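Colleague: Chains A and B supply the protein sequences, listed in that same order.
Residue numbering for the first sequence follows the numbering used here, beginning at 6 and increasing consecutively.
Residue numbering for the second sequence follows the numbering used here, beginning at 6 and increasing consecutively.
None of these hints come from the bench; they were simulated from the model.
Heads up, none of these hints are tricks.
Treat identical chains as interchangeable: a pair holds within one or across any two.
Listed below are the simulated DMTMM-like cross-link pairs for lysine to aspartate or glutamate, each with C-alpha atoms no more than 20 Å apart in a straight line:
(1) LYS409 <-> GLU90
(2) LYS37 <-> ASP54
(3) LYS58 <-> GLU46
(4) LYS409 <-> GLU312
(5) LYS212 <-> GLU196
(6) LYS374 <-> GLU46
(7) LYS206 <-> ASP184
Every value quoted in this text rests on a predicted model; they were computed, and no experiment measured them.
2 protein chains.
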Amino acid sequence: MNLDALYSELQLKPSTKMALLVMDGVGDIATKATQYMTPLEAACTPNLDALCKNGAQGRMTPVAPGITPGSGPGHLALFGYDPIEFQVGRGVIEALGLGMDLRAGDVAARANFCTLDNKGIVTDRRAGRIPTQVCEELCDLLAKKIKKIDDCEVLIKAGKEHRFVVVFRGKGLEGPLTDADPHREGLSIPESKAVDPKSAKAKKTAKLVSAFYEQALPLLAGKNPANGFLMRGIAHQPEIPSFQDRYAMKAACIAVYPMYKGLAQLVGMNKLEGCQTISEQFERYLAEYNNYDFFFIHFKYTDKYGEDGNYEAKRKAVEEFDAALPIFMKKMPEVVAVTGDHSTPCPMKGHSWHPQPVLIVSPISGWDKLDRFTETGANHGSLGIFEAKYMLRLMQANARQFDKFGA
Amino acid sequence: MNLDALYSELQLKPSTKMALLVMDGVGDIATKATQYMTPLEAACTPNLDALCKNGAQGRMTPVAPGITPGSGPGHLALFGYDPIEFQVGRGVIEALGLGMDLRAGDVAARANFCTLDNKGIVTDRRAGRIPTQVCEELCDLLAKKIKKIDDCEVLIKAGKEHRFVVVFRGKGLEGPLTDADPHREGLSIPESKAVDPKSAKAKKTAKLVSAFYEQALPLLAGKNPANGFLMRGIAHQPEIPSFQDRYAMKAACIAVYPMYKGLAQLVGMNKLEGCQTISEQFERYLAEYNNYDFFFIHFKYTDKYGEDGNYEAKRKAVEEFDAALPIFMKKMPEVVAVTGDHSTPCPMKGHSWHPQPVLIVSPISGWDKLDRFTETGANHGSLGIFEAKYMLRLMQANARQFDKFGA
Numbered sequence: 006m007n008l009d010a011l012y013s014e015l016q017l018k019p020s021t022k023m024a025l026l027v028m029d030g031v032g033d034i035a036t037k038a039t040q041y042m043t044p045l046e047a048a049c050t051p052n053l054d055a056l057c058k059n060g061a062q063g064r065m066t067p068v069a070p071g072i073t074p075g076s077g078p079g080h081l082a083l084f085g086y087d088p089i090e091f092q093v094g095r096g097v098i099e100a101l102g103l104g105m106d107l108r109a110g111d112v113a114a115r116a117n118f119c120t121l122d123n124k125g126i127v128t129d130r131r132a133g134r135i136p137t138q139v140c141e142e143l144c145d146l147l148a149k150k151i152k153k154i155d156d157c158e159v160l161i162k163a164g165k166e167h168r169f170v171v172v173f174r175g176k177g178l179e180g181p182l183t184d185a186d187p188h189r190e191g192l193s194i195p196e197s198k199a200v201d202p203k204s205a206k207a208k209k210t211a212k213l214v215s216a217f218y219e220q221a222l223p224l225l226a227g228k229n230p231a232n233g234f235l236m237r238g239i240a241h242q243p244e245i246p247s248f249q250d251r252y253a254m255k256a257a258c259i260a261v262y263p264m265y266k267g268l269a270q271l272v273g274m275n276k277l278e279g280c281q282t283i284s285e286q287f288e289r290y291l292a293e294y295n296n297y298d299f300f301f302i303h304f305k306y307t308d309k310y311g312e313d314g315n316y317e318a319k320r321k322a323v324e325e326f327d328a329a330l331p332i333f334m335k336k337m338p339e340v341v342a343v344t345g346d347h348s349t350p351c352p353m354k355g356h357s358w359h360p361q362p363v364l365i366v367s368p369i370s371g372w373d374k375l376d377r378f379t380e381t382g383a384n385h386g387s388l389g390i391f392e393a394k395y396m397l398r399l400m401q402a403n404a405r406q407f408d409k410f411g412a
Numbered sequence: 006m007n008l009d010a011l012y013s014e015l016q017l018k019p020s021t022k023m024a025l026l027v028m029d030g031v032g033d034i035a036t037k038a039t040q041y042m043t044p045l046e047a048a049c050t051p052n053l054d055a056l057c058k059n060g061a062q063g064r065m066t067p068v069a070p071g072i073t074p075g076s077g078p079g080h081l082a083l084f085g086y087d088p089i090e091f092q093v094g095r096g097v098i099e100a101l102g103l104g105m106d107l108r109a110g111d112v113a114a115r116a117n118f119c120t121l122d123n124k125g126i127v128t129d130r131r132a133g134r135i136p137t138q139v140c141e142e143l144c145d146l147l148a149k150k151i152k153k154i155d156d157c158e159v160l161i162k163a164g165k166e167h168r169f170v171v172v173f174r175g176k177g178l179e180g181p182l183t184d185a186d187p188h189r190e191g192l193s194i195p196e197s198k199a200v201d202p203k204s205a206k207a208k209k210t211a212k213l214v215s216a217f218y219e220q221a222l223p224l225l226a227g228k229n230p231a232n233g234f235l236m237r238g239i240a241h242q243p244e245i246p247s248f249q250d251r252y253a254m255k256a257a258c259i260a261v262y263p264m265y266k267g268l269a270q271l272v273g274m275n276k277l278e279g280c281q282t283i284s285e286q287f288e289r290y291l292a293e294y295n296n297y298d299f300f301f302i303h304f305k306y307t308d309k310y311g312e313d314g315n316y317e318a319k320r321k322a323v324e325e326f327d328a329a330l331p332i333f334m335k336k337m338p339e340v341v342a343v344t345g346d347h348s349t350p351c352p353m354k355g356h357s358w359h360p361q362p363v364l365i366v367s368p369i370s371g372w373d374k375l376d377r378f379t380e381t382g383a384n385h386g387s388l389g390i391f392e393a394k395y396m397l398r399l400m401q402a403n404a405r406q407f408d409k410f411g412a
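Based on the provided sequences and hints, a complete structural model is requested.
Modeller: This is the structure in structure tokens:
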């Protein structure tokens, strides 16, 4: 029996509030040589300390042992979706990261400008990393000239430097397609094809991509060094059962960065816009407390400084989050989870597979006799090390949302 | 590959004795506000302390993260059966709880007397909670008048107040059926139907239920307020591979309460009757030591007082169990497991999903440097947190019952 089906079968009507507080990439590693304590351990966190005295701790494997997730799988797991079952293409993630308003069925591609010689051979895959402003001008040009192809809308949005995103919107489109990218210089741009040659929708989409190239390449002629472009990760936004349908909870996302708003929107959460700082996010939570059952509040900077390998800044980011917590704690929901979507260890300057610590607080969570919320402490918690996709189920259990299984 | 098949393939002939000591619902939670220590932590347990100095500890997820099991799934998992694969209907569990001797294929229903008006509308679903004695008289009446329907035996047994159980025994019966219960007052009793309309056996069973109603209702006419009855959870006792076939061990159950004897009987264990106290149960174990390979010894009171939310009584129940342990320890089997079938935290007054602590003791179990057997200690144990269905496999491994896998 499918476990999700069992959870659905046991689900009762909820009457509780929950909040998921994500310190992106908060997990880190201690190393004898370079950092004896993790940023979370070294930070001064009186408010998290207070919170954890009513909570249970553990660590979560984001996807599977040894697998490092991107933000997409990392967050889908936190939202209770199996990140292997619900895969989201890179084009879709990129589009969400640029704040594009995607719909189910939209096909999105990561694109970047490149340099072509007069025989159409790729001589620079990144067009000499043109300035962002040039990229924006070129995208404006393309967007203005190519609004539709047949009955499909074409949406183009510039990213940083040579990067942009193309979205095709219309009926009967489907990915994934093979990359229109030779992945090295010295070759011409290969034609994008349906990965599954039996899918008529994917074949239609591949034709659309070819037609887009036919119309776009002439517009870029002479725009050296950006006289061509490559497209990768071409796939449609999958149908994902909405958070509300799956858990019978009305959910709001309070995030600053477009990527996380986009991921929340993928599962049908409401985006509450306009916040710039974690204090503002928590204030917004207080203001909207009565309007939603579930709040996803996202804090970016722990990940950002982890990616920079900036230990001191990551530690301070934790302290900034902690200092703002009392605002949130003015209205404690019945269940709170504090965690990350993955670890971003400073010594690695990037995401990793190391299980992130998690703290679940509710009147019935139990307390593991731990006085702080840290990686080392969480190793001793009653939640053990478990797959991140089960965290939301544990939150539901703490909210008494499940009936007893069997007599 | 199915893991059970792999275990079977690797299984060697056993030559060891094992005992599974279940303190029902022993797991609990610590909370800063109400109970700093769990009952297991607060109890004085010199004998468990001694035992655990030769053992490995961990915690067990009874079914899946966040899922609270009834006694049925809780014990099936302890017996090494996947509680999601082997589901037992509520009627069957109820019948086992009343000590009825069920056989594979028997269809059992939970029933209760209700009040009907002269149009057959249910006006009280519990017939004013008639005294148990009235229920027994009415059940005797029904049992005397309806012994067989066609070629099927009908067995009726009274429970407490308005509750009773009906069992249909015959060839070619099968559940599950829909409830003959409107689940609220103001409606008539719906006809029970096969859940799977393609099952000829279930359709035959549904006819049997209708025929039972046709014969029984006239017998109750005028017996106000109990002039009708409702039936729920109508299903057959599933075929479960027997403990002996599965593990090549002859197993005995030494329990006091009918429910647990029934669950043991479901997997073909021998019931050793007549004990009333845990001391008597352990004495019986000593007396039967040479007659079985595996002993399941069930202690109820940790669960009972957890359900009552009676912390002090639960702590004392642990101490009562501990005080009797030296009797058991006169003949130590090669492998002992001490655990619960789930947690029953006092603050929740009911079963929960919190992983129960487990202690496995054998000459090769290893010792985790833990001096006591507690929830918090078990968080640090070498067994980690694992699904309860694997505990029996670990016991087998400790008894050297598995060959090496691969070369």
